[in-house]
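Colleague: Each chain, letter by letter, is given below.
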Amino acid sequence: MTRTKLLGAATFGFGLLLAAGSASALTIGFSQVGSEGDWRPAFSKDMKDEAAKRNIDLKYSDAQGKEENQLKAVRSFIAQKVDAIIIAPVVVTGWDAVLKEAKAAKIPVFLADRDVDSDPSLFVTRISADFNLEGRLAGAWLAQASKGKCDVVELQGTVGSAPALQRKKGFESVTALFPDIKIVKSQSGDFTTAGGKEVAESFIKATNGFKGICAVYAHNDNMQLGAIQAMKEAGLKPGKDVLLVSVDGVPDMFRLLAAGEANASVELKSDIGKNIYDVVEAYLKGKTDFPKWVLIPSDLHTQADAAAELAKRGLK
Amino acid sequence: MIPVPPPSEPATKTRRPLPAVVWPLVALAAILVVDGFISPSFFSIRLVEGRLYGSLIDIVYRGTPIALLALGMAIVIGAKGIDLSVGSVVAIAGAVMAHFIHLGFDPAVVVAATLAVGLLCGLWNGFLVAVLSIQPIIATLILMVAGRGIALMINGGRIPTFRSDFFSALSTGRIWVIPSRLFLVALVFLVLWAVLRRTAFGLFVEAVGGNASAARLAGIGTRMVTLATYGISGVCAALAGIIITGDTRSSDAVTAGMWSELDAILAVVLGGASLNGGRIFLATTLVGVLIIQSLTTSILMSGLPPEFNLVVKAVVILAVLLVQAPKVRTAVGSLVAAFRPRRTER
Amino acid sequence: MDVPARPRVVMRGITKTFPGVKALDGVDFTLAPGEIHALLGENGAGKSTLVKVLTGVLAADAGTVELDGVPIRVASPAAAQDLGINTVYQEVNLVPTLSVAENLMLERQSSRFGLISWRKTRERAEAALARLKIHVDVGRSLGSCSLAIQQLVAIARALDRDTRVLVLDEPTASLDAHEVEGLFTVLRDIRARGIAIVFITHFIDQVYAIADRITVLRNGRFAGTGTIAEVPRMRLVTLMLGKQIESHYAERPTTESIDQTGAPVIAATGLGRARWLEPIDLSVRAGEVVGLAGLLGSGRTETAKLLFGAERADKGSLVIDGVPVTLRSPGQAIRMGFGFCPEDRKHEGLILDLSVRENLILALQCRRGWWNRVGQAEQNRIAAEMIAALGIATPDAEKPVGQLSGGNQQKVILARWLAAKPRLLILDEPTRGIDIGAHAEIVGLIRRLCREGLALIVASSELEEIVAFSHRVAVLRDRRKVSEIVGADITQSTIVEAIANS
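Residue numbers (our numbering), protein chains in the order written: chain A, 27 to 342; chain B, 56 to 401; chain C, 13 to 514.
What the hints contain is simulated information worked out from the structure, not anything from laboratory work. Only a predicted model underlies this, so the values are computations on that prediction, with no experimental measurement involved. Yeah, the Cβ is synthetic: ideal placement off N, Cα and C, and Gly gets one too. There's no promise every hint is true.
As the list claims (entries may be wrong) - To spell it out: a stretch of chain C is covered by chain B in this simulated footprint if at least three of its residues, at any positions, have a beta carbon under 8 Å from a beta carbon of chain B; those stretches are:
(1) 227-238
(2) 335-344
(3) 353-365
(4) 382-389
To be verified - Straight-line C-alpha distance at most 27 Å; calculated DSSO-like pairs for lysine-lysine:
(5) A:K85 to A:K74
(6) A:K211 to B:K382
(7) C:K411 to B:K382
(8) A:K300 to A:K129
(9) B:K368 to A:K194
(10) A:K107 to A:K300
(11) A:K266 to A:K318
(12) A:K258 to A:K126
(13) C:K145 to B:K382
(14) A:K266 to A:K71
(15) A:K173 to A:K107
(16) A:K318 to A:K92
Claimed, not checked - Which bits of chain A does chain B cover? Going by a derived footprint, with three or more residues having C-beta under 8 Å, they are:
(17) 101-110
(18) 221-234
(19) 258-268
Full structure from sequences and hints, please.
Modeller: Here it is as structure tokens:
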């Protein structure tokens, strides 16, 4: 009995100590979009883990995909007088009022991932990856792997969405430099496995079994996974008969890379907490000359490093 | 008093109209002919990896989920209902299926559980319509909206992937050289046909759809009939969910079966049925499915930029529906007749 | 026939022909200011056509209309309203989701002011209702008010203008006795203001409670007119039903077929339903025909539907073959061997898109249940038999029943029930819309079925028919059974007397 009590008291004391220690540490509010898909929960988790590592008191708020929840969360961060606010916006519009409130309260605001259409003076900077760069990386890899001569079929993302537009533009900006690289077929697979599979199937038929096709470029891994299934079912050998390059770096894609059934994937990193906190901390320490967009560099992974990457992530 | 027409009256009319089934078939043939021009190898069918392979096979193969949905929908519409929730039931069924596979259950149990959930969804719709007398569009809209949320919850907000030999074989495998999912559609078609035409159920559904108050006074338990139609639709949607989820080996609650309820309704209408109910056309509904799917496939093959997909689809479907509309047909008929005498003059 | 000194409306020689039917044939109608004038007649007599001519909904083929001595030509309902002729229809044409005030001021708003003043609207609405001594919150949505209030709001709306003639088409059809009294108080008040009221109803008691004069139409012709003192009930009913013709059917049915030994097939005691039918007693034995007689709206159809389970009784008890039963649905009644041919065959009888064959076997199929399908060969045989037996004129059994003529459609419904081989058949107006030849066939069929041991309940407005086949006649008035006539006492005059007596 007494031992338990003692232990409890000790823990309590330790807790006090910690609290005293963190009194000087930063308090940061983070308003996240929600927890849809695979990427975003991983991103949220990294933000929390990294905050714990850096002794940051992170006030995390999940907006469940609704802007009104986000506005509420940001206002409560202002009321709590946090040191900085990080927002991953649900939508582009409607941020002026709350950003002005934050500015009036002298709390700096940082954007993560998506953009807003407010006056740039209302926030410090946006920290995110660049869809265009992802497309350029994929294009550059393909140009090198095909030695500048390749007929490509493209699986686009949802028509009109920002990632689909930019990944297409970036890719084309590189392949345009190589006169013998041509996109011969391009269709939307809506970023889904089922969509990618159906489009790939019809391309396979239309080209008589990918005859003369040297590569498939997919705007995300899920569509590429569908394309790989379609190729297997058509008796083709993905990764050997045709080069496969896509964007995202989901675990299943690493497995396929390791197994030699895909060739390259540009990783959309979820462990970007350190990039974001680096900027926030630097700003709070007095650095002010940030560009309005701090790019997080993207990595391209191939069959060569897939096994190592899997091991690094504790995946098989 | 109105004189009784002599029994020979119809014979005096110029010609018997062509059976309704002709028009969907004509539309389908026209689309396939265009496809033949787009891709010379369109009609070739050969064996690859031991299974039939070719664009025509793709159309039939890809059309199966909508076919399953549309068969159920045809019955619901036959009773003057409509089921907007089938796309969401697809998502729920996929989530339930992935969940049970992850729990390590036997495929038979997984199938039973998934179909049971589909039935439950259908009966819920039927309850709202038949017992609470909510209009079918509103009643099924509830599950259409809520269903994806339910599926997302079952999935835990993720897109669970799984490996299951049974479901891969069912969805993407083959029996002899024929894709196994085609056998599933054939089975469902035969079962529904038997239920409709070998029992009195079909007559009862058509009676309820044609004139509910008369059907009731003729002794039909209209509530039970309505309930049953939605139950069948729910089970069909669950089967479609199994096929869709088994295809990609992942349950995507947000996109699985998205908008498929509209394709299913469209297929039923293309098959010649009226949303006013009263008739069920199972076979032509399948033709309607093939029209929609061959259209999708030909757009994918055509090389048109994806921005045009929906517009092209809309225009072609409008054309098919116009061809089927009696008014347009009469107009075209009289136009043709107007030109005919000139020809004879020459 | 008395003609008021200064009539408000005089209609002379009004004739209107629809394709195949002469709806009005030289009808005269005179309406005095400050009177309530009951316009009476059975179905198809021409009441509503006459009113539609007066209110500009239809244009007459021939005849003249004078309003306060001035010949008028009413081109449209709007023109009629401008002349001060306003109408309240049976199905109140108001918007239930809008407030009382909005309903009252509906059209006047937008046409008179560019902007709507809600305060003024409320005030005007309250004033309009106060004139009728109605006190209701004008801000309430109309749908939440009782039907009586809705009816009064409709009247108030019709009265808000410079009204000279007010036409009320069946205003009391869905009101209870207390509400009817309230309405009458309002009507007397309106009458006192010199407005001429045309009151269409089928409730005879209400006619004598409120009307000053009566005009009767029959089969599109003028049948008679007079003050209520000049037209006693007996004469009124005779005017409505036509002069008592000698029966075509000389013989009365024999009573040999009636099974006097066992329990009645059906015996109702105090069976009723609120706002539907006052409790009635009625029993039928096998081999017996019970006729339901009465004027339009007297409760014939209501009785038939209650006995068939199409409406649920909330009072009284039903004993079938000596066993107490609660009927919950037509399906249950059919499984007990009942059949019912409804009066409104298009809406309640046939499924127009289905074929003759499918319509024919429907009741039999319902008796057998879902799983025991009537086989194709049997269906074809039944269809062929029935088409031959009843002489249904159709090229083949697969023709959609909606394409047949009215008489043949009626035969299809009859055949549907005969195919199901019922023990009790309830027929509601089995000869309506059927030509004279088919009339006799149907009467003959009823007699034959009765001889074969069927129990029958037949509701009809044709007294001649009722007399021809009934062993007993239940006479109904104002949704109440007022008398039962048995055996040799059944004649057209005894029935008319029973209908007329209050």
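Colleague: With reference to the structure, classify each hint as holding or not holding.
Modeller: Right, here's what the structure says about each hint:
1. 227-238: violated (count 0)
2. 335-344: holds (count 3)
3. 353-365: holds (count 8)
4. 382-389: holds (count 5)
5. A:K85 to A:K74: 9 Å, holds
6. A:K211 to B:K382: 41 Å, violated
7. C:K411 to B:K382: 21 Å, holds
8. A:K300 to A:K129: 24 Å, holds
9. B:K368 to A:K194: With a Cα-Cα distance of about 24 Å, the restraint between K368 of chain B and K194 of chain A holds, given a limit of 27 Å.
10. A:K107 to A:K300: Given that 27 Å is the threshold and the Cα spacing comes to 23 Å, the pair holds.
11. A:K266 to A:K318: 42 Å, violated
12. A:K258 to A:K126: 55 Å, violated
13. C:K145 to B:K382: At roughly 55 Å apart (the allowed maximum being 27 Å), K382 of chain B and K145 of chain C break the hint.
14. A:K266 to A:K71: 36 Å, violated
15. A:K173 to A:K107: 56 Å, violated
16. A:K318 to A:K92: 25 Å, holds
17. 101-110: Result for this restraint: violated, n = 0.
18. 221-234: Check passed, 10 qualifying residues.
19. 258-268: Contact hint for the region 258-268 of chain A vs chain B: holds, 3 residues under 8 Å.
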